[in-house]
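Given the coordinates of chain A, work out where chain B should sit on it, guided by the hints.
First to last, the sequence lines map onto chains A and B. Okay, so the first sequence: first residue is 348 according to my numbering, each after it adds one. Okay, so the second sequence: first residue is 85 according to my numbering, each after it adds one.
Just so you know, these hints were derived from the structure itself, not from any lab. Owing to the predicted nature of the structure, the values given are computational and were not obtained by experimental measurement. Quick reminder that beta carbons are idealized off the backbone N, C-alpha and C, glycines included. Hints should not be assumed to be uniformly reliable.
Cβ-Cβ distance ranges computed for the label pairs, FRET-style [claimed, not checked]: (1) 230/B with 617/A: 48 to 54 Å; (2) 237/B with 555/A: 36 to 42 Å; (3) 561/A with 206/B: 51 to 57 Å; (4) 462/B with 383/A: 29 to 35 Å; (5) 588/A with 350/B: 27 to 33 Å; (6) 230/B with 585/A: 24 to 30 Å; (7) 190/B with 626/A: 28 to 34 Å; (8) 462/B with 555/A: 15 to 21 Å; (9) 565/A with 349/B: 58 to 64 Å; (10) 588/A with 158/B: 21 to 27 Å; (11) 533/A with 383/B: 57 to 63 Å; (12) 231/B with 565/A: 53 to 59 Å; (13) 561/A with 231/B: 50 to 56 Å.
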Amino acid sequence: MKFGVPISLLLHTTLIGSGFFVFTGAPTLLDQQKIIPIDIVAISEQTNIQATVKRPIIEAEPIVEAPTSQEEVEAPIVPDPAPVPTPDPVPVITEEVDISDTRPNQKSAEVVEAEVDPVEETETEDEPASFDLDNLSALIDRSRDEQPSNSQQRILQSEETLYAFADVTRNAAGAGNGLSLSETDALRSAMYKCWRIPADAKDPESLIVPVDVKLHRDGHVASVNLKNSAAVNNSSNPYMVVAAENALRAVSKCAPYDFLPAERYDSWKQMTLTFRPVLSQ
Amino acid sequence: MTMLSIYMRSAFRFLFVTIGALFFSGVASAQLSIDITEGNLEPLPIAVPDFITTDNRVAAIGQQVAEIVRADLERSGLFKPLDPASFIETQTNVDYEPSFGDWRVIKAEALVSGRIVRESDARVRVEFRLWDIFGEKQLTGLRFATTPDNIRRISHKVSDAIYQSLTGEAGYFDSRIVFIDEQGPKTNRKKRLAIMDQDGASPQYLLAGSDIVLTPRFSPNSQKITFMSYENIVPQVYLLDIETGRRELLGNFPGMTFSPRFAPDGESLILSMIERGNSDIYVMNLKNRSTTRLTSDPGIDVSGSFSPDGRKVIFNSDRGGSPQLYVMNADGSGVKRITFGKGRYSAPVWSPRGDLIAFTKSEGGQFSIGVIKPDGSGERQLTSGYLVEGPTWSPNGRVIAFSKETRGRNGSSEVWSIDLTGRNLRKVGTPGKASDPAWSPVLP
Numbered sequence: 348m349k350f351g352v353p354i355s356l357l358l359h360t361t362l363i364g365s366g367f368f369v370f371t372g373a374p375t376l377l378d379q380q381k382i383i384p385i386d387i388v389a390i391s392e393q394t395n396i397q398a399t400v401k402r403p404i405i406e407a408e409p410i411v412e413a414p415t416s417q418e419e420v421e422a423p424i425v426p427d428p429a430p431v432p433t434p435d436p437v438p439v440i441t442e443e444v445d446i447s448d449t450r451p452n453q454k455s456a457e458v459v460e461a462e463v464d465p466v467e468e469t470e471t472e473d474e475p476a477s478f479d480l481d482n483l484s485a486l487i488d489r490s491r492d493e494q495p496s497n498s499q500q501r502i503l504q505s506e507e508t509l510y511a512f513a514d515v516t517r518n519a520a521g522a523g524n525g526l527s528l529s530e531t532d533a534l535r536s537a538m539y540k541c542w543r544i545p546a547d548a549k550d551p552e553s554l555i556v557p558v559d560v561k562l563h564r565d566g567h568v569a570s571v572n573l574k575n576s577a578a579v580n581n582s583s584n585p586y587m588v589v590a591a592e593n594a595l596r597a598v599s600k601c602a603p604y605d606f607l608p609a610e611r612y613d614s615w616k617q618m619t620l621t622f623r624p625v626l627s628q
Numbered sequence: 085m086t087m088l089s090i091y092m093r094s095a096f097r098f099l100f101v102t103i104g105a106l107f108f109s110g111v112a113s114a115q116l117s118i119d120i121t122e123g124n125l126e127p128l129p130i131a132v133p134d135f136i137t138t139d140n141r142v143a144a145i146g147q148q149v150a151e152i153v154r155a156d157l158e159r160s161g162l163f164k165p166l167d168p169a170s171f172i173e174t175q176t177n178v179d180y181e182p183s184f185g186d187w188r189v190i191k192a193e194a195l196v197s198g199r200i201v202r203e204s205d206a207r208v209r210v211e212f213r214l215w216d217i218f219g220e221k222q223l224t225g226l227r228f229a230t231t232p233d234n235i236r237r238i239s240h241k242v243s244d245a246i247y248q249s250l251t252g253e254a255g256y257f258d259s260r261i262v263f264i265d266e267q268g269p270k271t272n273r274k275k276r277l278a279i280m281d282q283d284g285a286s287p288q289y290l291l292a293g294s295d296i297v298l299t300p301r302f303s304p305n306s307q308k309i310t311f312m313s314y315e316n317i318v319p320q321v322y323l324l325d326i327e328t329g330r331r332e333l334l335g336n337f338p339g340m341t342f343s344p345r346f347a348p349d350g351e352s353l354i355l356s357m358i359e360r361g362n363s364d365i366y367v368m369n370l371k372n373r374s375t376t377r378l379t380s381d382p383g384i385d386v387s388g389s390f391s392p393d394g395r396k397v398i399f400n401s402d403r404g405g406s407p408q409l410y411v412m413n414a415d416g417s418g419v420k421r422i423t424f425g426k427g428r429y430s431a432p433v434w435s436p437r438g439d440l441i442a443f444t445k446s447e448g449g450q451f452s453i454g455v456i457k458p459d460g461s462g463e464r465q466l467t468s469g470y471l472v473e474g475p476t477w478s479p480n481g482r483v484i485a486f487s488k489e490t491r492g493r494n495g496s497s498e499v500w501s502i503d504l505t506g507r508n509l510r511k512v513g514t515p516g517k518a519s520d521p522a523w524s525p526v527l528p
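Excised from the complex, chain A in its bound form (with noise of 0.2 Å):
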């Protein structure tokens, strides 16, 4: 504590002083160059799926996921640099089908861990029964005297053994909470067609209706309630109560909701639908 203050104040100076140095002289412009806008969207709040794991290429053959890559990377470069109206959800919607282009690979993934058994075998087969160290020096000749290429093979099956388990995991985690992107929107494109936004109330901006809706596993409603329907009962503004009226009605009117994943029935058993108004002008 009593060094406390010289060293903070040393340390200031220091920083402070050294700003001038780095900092003198006018700043020189860099060329003007075309701003490009770039949409980031981060999908971690629709989607916990993680990114596909790469794989390392083995063969000829897998590089044809290569091309598939850099062409996500290219895709919201090639759009004019004219103005850019709002971010529509577009760029969300490429993400998804990015994502569900990766379903045959996970689906191929399992062939790989079908294939990748029989190397773990082999992997124990070489491994020493007990620690012994003329026989591990004469497993280290062994190996030396093995192909290079051959060696580097197994490590990169053992790798792909990793890659395999991690798709497996990421398959878990997708299908244990939560629906993906897609089904998010599937279920908000069909509330489109079944719910009528009150745009010609009066400030409808302020009319959200928060919903709790029960579904069985057929995608029939089994309850649908107001979350806080005191809140609309003893609501003064009368659209409020027509309001709920029909993010009820929507609800019941979108049943059956039988496009949503049956084997993720537990993420979808219970959810809130939060009818929120917002109009574009």
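Relative to the frame of chain A, chain B by itself:
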């Protein structure tokens, strides 16, 4: 060293608390929660079967009521009455719940089931229930008794009740529109004051004479109108009681008076008067006929209109160089300009709901009807044309009627209406050429 260990310990504690908080927040938000922000603006499918009756003498009335209700709801743009031919269930008693499934199949979201009961030769009873098909419950149920010749109004009342129940705001079907009936070519046109139901039914002239009459305006709470007439060479403002036909000249002003409009309480009028070449806005108390001057600017100040709470006035002034809209307090203080657009703004009128102001705008040889919030934000154009002007609000502030003229010497002049969202543009049926509509309050 001890300091370091303390720091370490507190850092660990912080870490644990953070992880714990994250864990619990994860548990709390495990239930799926989705925001629905986009919905459609499709009209609501509604089934209105003919009202049933057990007495054949009033069967025609049951049909007529259902037809008027269907037409009212359809014209509002908010409802889509379904074709009665598609109905599966034929109700024989409106006191039982309908079979909701049968109505869901034909995609009806609401059902109006009604009945006509003949009470005597001169009296019928109209009853109806409005059902929410998906909510499987009754939303409203009403009963009206009337004479058979009053059936149009009762039908409009039924429509109003349905409208109110499904939109949350009062209907406007049981109201009338005053307009200027025009005859002859543009160069020599006769303009007469006339009135009709808001759906164009039963039009009639209000004044017998052939004097040129302009800018009729309804009182917000009685069946009185004020208008400007060229009866005395100098145009002046008159008051007319529609029920009694009594007409009177309002005050004997030295100059020309025009653009009158009622205050929300109906007790006073806001009008413009030209005195010594300068036009200003005045308020006239209708009881004692005293006038108060609100503006005293050398610019042209015209077309005053009160806010529904009577505390503010919107008006049109060219004090800034071109005609723009200004808001001031009801006593003339606190003038604030709210439009800064390129065009010329005119004929502002405050919505009965209070949230918007409708106006006419001309820019680049094109006229348009628009709305703007009283603070000057959210200006929107609803419709445009060669000549569209003179907006008037429906009593519930959701629809705007206006006059529309087409180009040419024999161009027609018509009354049209549009929803405040800019949808549902429709022609209002008038007997001939018509202009300058003014919407009445809902009839008592």
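Note to self: Of all the hints numbered above, which does this structure not satisfy? Sort the numbers upward.
What the structure shows: No hint contradicted; all consistent.
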